[in-house]
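My request is simple: use the sequences and hints to build the entire structure.
These protein sequence lines are chains A and B, in that order. Here my numbering is used: the first sequence runs in plain steps of one and ends on residue 110. Here my numbering is used: the second sequence runs in plain steps of one and ends on residue 112.
Treat each hint with caution, since some may be false.
What the hints assert, rightly or not - Among chain B residues calculated to face chain A with C-beta under 7 Å, some are:
{"no.": "1", "residue": "32"}
{"no.": "2", "residue": "43"}
{"no.": "3", "residue": "49"}
{"no.": "4", "residue": "51"}
{"no.": "5", "residue": "52"}
{"no.": "6", "residue": "53"}
{"no.": "7", "residue": "90"}
{"no.": "8", "residue": "100"}
{"no.": "9", "residue": "103"}
{"no.": "10", "residue": "105"}
{"no.": "11", "residue": "106"}
Derived from the structure by calculation, the hints contain no laboratory data. The structure presented is a predicted model; accordingly, all values stated were derived computationally and were not measured. Built from N, CA and C at the ideal position, the CB exists for glycine as well.
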Amino acid sequence: GQQVMQIPQYQHVQEGEDFTTYCNSSTTLSNIQWYKQRPGGHPVFLIQLVKSGEVKKQKRLTFQFGEAKKNSSLHITATQTTDVGTYFCAGPVGTYKYIFGTGTRLKVLA
Amino acid sequence: SQTIHQWPATLVQPVGSPLSLECTVEGTSNPNLYWYRQAAGRGLQLLFYSVGIGQISSEVPQNLSASRPQDRQFILSSKKLLLSDSGFYLCAWSTSGDQPQHFGDGTRLSIL
Chain A
1 GQQVMQIPQY QHVQEGEDFT TYCNSSTTLS NIQWYKQRPG GHPVFLIQLV KSGEVKKQKR
61 LTFQFGEAKK NSSLHITATQ TTDVGTYFCA GPVGTYKYIF GTGTRLKVLA
Chain B
1 SQTIHQWPAT LVQPVGSPLS LECTVEGTSN PNLYWYRQAA GRGLQLLFYS VGIGQISSEV
61 PQNLSASRPQ DRQFILSSKK LLLSDSGFYL CAWSTSGDQP QHFGDGTRLS IL
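Structural data, given as structure tokens:
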């Protein structure tokens, strides 16, 4: 079945360093969503990308959708302690549901 | 604005006991509703989804069931809990299948 993998599984960075997580789908996606889950919390929607090669920015976060629409990345510039959490990508399966990636857990050391 | 309520926040149940978790959404009509389970430090596993009253799609065979008795109410149930049912249960809603999902605060279920 369809799979969505993310790498790395874990990442520890010093505050101020950059961070990137990669999302790879086994199938072509019509769109991709990104979520952030703080420790002990619930996933919160960050952004949705639809177009091939699309790049969107939210302050220090840059999201990219691959040309083949099978991969995506999230890059955080100059991480802060508030960036701690697990980042999930999610791709649609059929009409009504999404499959979530395996997640990348980010730890920021002050 | 739309809100989602999920309760209880924490639940400790003995093996073999029944379960009922409730989720309600306010401020929207005919939402798509979802139940997920998340094991500690792991990803999100879709358990059930519903696109309308009485319409339930099951994703994973297990001893859980779901019901949608009203448009904005989604219930997760079990007749007899297993140790493997422990986890973080999350309810979510969306306006349609290709739109963002909005999650409730979740229920942490521990089975003893």
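Hints, verified against the model:
Given hint, residue 32/B at the interface with chain A, holds; its Cβ is 6 Å from that chain's nearest Cβ, closer than 7 Å. Interface restraint check: residue 43/B against chain A, minimum CB-CB distance 5 Å, threshold 7 Å, status holds. Taking 7 Å as the C-beta cut-off, the interface hint given for residue 49/B holds, the closest approach to chain A being about 5 Å. Among the interface hints, the one on residue 51/B holds; its C-beta lies about 6 Å from the nearest C-beta in chain A, closer than the 7 Å criterion.
Because the closest C-beta pair between residue 52/B and chain A is about 11 Å apart, greater than 7 Å, the hint is violated. Checking residue 53/B against chain A: minimum C-beta separation of about 15 Å lies over 7 Å; hint violated. For residue 90/B, the shortest C-beta to C-beta distance to chain A is roughly 6 Å, which falls under 7 Å, so the interface hint holds. The criterion of a C-beta within 7 Å of any C-beta in chain A is met by residue 100/B, whose closest approach is roughly 4 Å, and the hint holds.
Because the beta carbon of residue 103/B sits about 4 Å from the nearest beta carbon in chain A, less than 7 Å, this interface hint is met. Annotation: residue 105/B was flagged as interfacial toward chain A, and the flag holds, the nearest CB pair being 6 Å apart, inside 7 Å. Taking 7 Å as the C-beta contact cut-off toward chain A, the hint placing residue 106/B at the interface holds, the least distance being around 5 Å.
Of the numbered hints stated above, those contradicted by the structure are hints 5 and 6, listed in ascending order.
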